[in-house]
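Participant: Let chain A serve as the given structure and place chain B on it in line with the hints.
Number of protein chains: 2
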Amino acid sequence: MSRVDVKVPKGTRDLHPSQMRVRKKVFGIVSEIFELHGAECIETPVFELKSTLTNKYGEDSKLIYDLEDQGGELLSLRYDLTVPFARYIALNRALTMRRYQIARVYRRDQPAMNRGRFREFYQCDFDIAGEHPLMVADAEVLSVLCAQLNALSSVSTYHEQLLRPYRIKINHRELLDAIFKLCGVEEGMIRTISSSIDKLDKEPWEHVRKEMVDVKGLDSEIADKVGEYTRISGPPAEMLSRLRQDAPLTALAEGALSQLALLFEYLQALEVDQSLFVLDLSLARGLDYYTGVIFEVVLVSSTSQVGSIAAGGRYDNLVGMFSSKEVPCVGCSLGIERILDIFEEAEKNLATSKAGGVVRTTATQVLVTS
Amino acid sequence: MSRVDVKVPKGTRDLHPSQMRVRKKVFGIVSEIFELHGAECIETPVFELKSTLTNKYGEDSKLIYDLEDQGGELLSLRYDLTVPFARYIALNRALTMRRYQIARVYRRDQPAMNRGRFREFYQCDFDIAGEHPLMVADAEVLSVLCAQLNALSSVSTYHEQLLRPYRIKINHRELLDAIFKLCGVEEGMIRTISSSIDKLDKEPWEHVRKEMVDVKGLDSEIADKVGEYTRISGPPAEMLSRLRQDAPLTALAEGALSQLALLFEYLQALEVDQSLFVLDLSLARGLDYYTGVIFEVVLVSSTSQVGSIAAGGRYDNLVGMFSSKEVPCVGCSLGIERILDIFEEAEKNLATSKAGGVVRTTATQVLVTS
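Listed in order, the protein sequences are those of chains A and B.
Numbered by UniProt numbering, the letters in the first sequence go through residues 1 to 370 in order.
Numbered by UniProt numbering, the letters in the second sequence go through residues 1 to 370 in order.
Treat the hints with caution; some may be incorrect.
Copies of one chain are not kept apart here, so a pair can be met inside one copy or by any two copies together.
Said to hold, decoys possible - Subject to a maximum C-alpha distance of 25 Å in a straight line, what follows is the list of computed BS3-like cross-link-like pairs (lysine-lysine):
1. LYS225 to LYS199
2. LYS325 to LYS181
3. LYS62 to LYS50
4. LYS199 to LYS169
5. LYS10 to LYS50
6. LYS50 to LYS7
7. LYS325 to LYS62
8. LYS199 to LYS7
9. LYS24 to LYS225
10. LYS7 to LYS325
Hints in this document: simulated from the structure, not taken from any laboratory.
Bound conformation, chain A alone (with noise of 0.2 Å):
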């Protein structure tokens, strides 16, 4: 038999013993506290029905894998655990519910392993499905994230300084929509301007500005406004009275406005630190099921900014998409990989200096000889 090649698929690795050892340790913090906080544990398939993932992701879907049709159902790897997760809660018909999942997704974007962005790579997720007060579950929702981040930079004090400080960059869909119905940004191509003004934290406005202009055709005076408004961003109170003196916007987006301020006021009741959050009109989160109060946690180096942990927001018309029962949600998706990177090069390096170079990678207590 003639020798195949022998490598795993672009963008996917092995995870050894020691990276095992410590994915264990980091889940078990991770579920510990989702359920301490009444979460309860679900799994679903790893792949769903193609027609489940469509119509979801926006510019994003490009990258979702189909599995070949052997004559059967049009399958899709899951591209993130929130479409399922609304999959599920219609499917169960569960008009109520808070659930994690920690596993993995699929993405066939390029790859860029030395920075931790792999094609297969875990979430933790967290979501609140059901009716509540408004803002009460998106300021839970937030705060147990605060919680996660919190307790995994406490895991040691080695790790203390790898995860902090990290900042939490907040907007609210309707907020940016009136910025760009304001702007004179039509309806149809709200979507895709948003996904360049998405890109505003990577990339130069000048970039984001010729692509809107010369790639989607936006006239270039509407981008230029939609440039004033969406590079603004600093801490919520400061943000929210600048917002309010603006009276065009005011009026199209009061709604957003209140809630922002509503859910700072339940942040602050729940202790959770205000100087983490940073009010981002570039903040757009390219999937299109988003629909309120949306969110993304960078991690902040002294030299650099190391990029997003976790993100999420509030999709309340998502279940609706596979069931004729309307059921709210919001939740967030703890990027752990990153995380995991970071924990794995500590451990490795407290290892190597504790044990003079050898690194012990199993729990062996007992071998049986034979």
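Facilitator: Just chain B now, with coordinates in the frame of chain A:
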């Protein structure tokens, strides 16, 4: 937006909080025992290059899920955890390793979900790679498997009744090949005739004979001779002594018979209950990669045989298909789904009887109020 068909793919299912609770407990027990026996945990990607899985599974290859060619590599979902492990050993140039892996595998089989037969299901694998004195690793794999099953049986007195008794069928690929040769089966037909013989635990001799003669074109006299040999089974010591009286067979299968005798000596030394074992000459295991001892564990109820819950064997040439360095391996795979189904059912009954019908599904201790 039109509402899509809301269901999970055929042969898959959502796992609910109550099921996840049982799974976490069982996987915890399984992991702990593997680790106490010196095994290290790894994780491999859910898909492999299609070429990695080619020519490993015999007639079962048709059950492999392929991913659509979306302009990258040709990929397939893993069919088991054994071939990915051999690929892991080759890729990481390991010469010796004891590994365990608990993960889901994928088979486009006809699902029978009421009998625990899914298209996506968990396996718990334990394998020993590397050179060892004859039969030492084989005996250890079997003793760990028994330790595993005994531990799972002893989770509670309630469960004890459910997993016992089990029986371990043993055979040897070289012994089976010798039988085929002795009966006059041509070299090129051995694997396909093996697959037919392997069905003798589920189908009557007449069906199997018909398949061999009518479908596969085996001479009917040869088929009858094969039938005479492969329909015998019994306690290993008795069977070995009986087979040794067959001089032509002993001449052809001297190595296999000595290995089996040595294996049972080691199992006795390891204090594994000998009465669990049956030497069953119809056991063939369809997969192409086995080379030596093969085995299968079945649950035996007082009224009927419930089916296979574990299987494995020696595969000395598989790593060599991925590497210039041959690394002999032996391992077992615990088909944990059927055991989990039995446990879930028992937990449900237990919880209902204890709580008067109220099942507690989470470990909630603190509820955040907001």
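Participant: At 25 Å max between alpha carbons, let me know whether LYS325 reaches LYS181 within a copy, between copies, both or neither.
Facilitator: Classified as neither: same-chain Cα gap 30 Å, cross-chain 65 Å, threshold 25 Å.
Participant: When Cα atoms must be at most 25 Å apart, do LYS199 and LYS7 count as within-copy, between-copy, both, or neither?
Facilitator: Cα proximity of LYS199 and LYS7: none, with 33 Å in one copy and 35 Å across.
Participant: Could you place LYS225 and LYS199 in one of the four classes (within, between, both, neither) given a Cα distance threshold of 25 Å?
Facilitator: within (17 Å within a copy, 73 Å between copies)
Participant: Given identical chains, is LYS24 near LYS225, meaning Cα to Cα at most 25 Å, within a copy, between copies, both, or neither?
Facilitator: Cα proximity of LYS24 and LYS225: none, with 49 Å in one copy and 53 Å across.
Participant: Regarding LYS62 and LYS50, is the shortest C-alpha distance of 25 Å or less found within a copy, between copies, in both, or in neither?
Facilitator: both (13 Å within a copy, 22 Å between copies)
Participant: At most 25 Å between CA atoms: does that hold for LYS199 and LYS169 within a copy, between copies, both, or neither?
Facilitator: within (14 Å within a copy, 60 Å between copies)
Participant: Within, between, both or neither: how does the pair LYS50, LYS7 come out at a Cα-Cα threshold of 25 Å?
Facilitator: Result: close only across copies, 11 Å inter versus 28 Å intra.
Participant: At 25 Å max between alpha carbons, let me know whether LYS325 reaches LYS62 within a copy, between copies, both or neither.
Facilitator: Answer is neither: 29 Å inside a copy and 40 Å across each miss the 25 Å cutoff.
Participant: Classify it for me, LYS7 with LYS325: is the Cα-Cα distance of at most 25 Å met within a copy, between copies, both or neither?
Facilitator: This pair counts as between: shortest inter-copy Cα distance 16 Å, intra-copy 46 Å.
Participant: From the Cα coordinates, with 25 Å as the cut-off, is the pair LYS10 and LYS50 best called within, between, both, or neither?
Facilitator: Answer is both: 23 Å inside a copy and 13 Å across each meet the 25 Å cutoff.
Checked against the numbered hints above, the structure violates hints 2, 7, 8 and 9; every other hint is satisfied.
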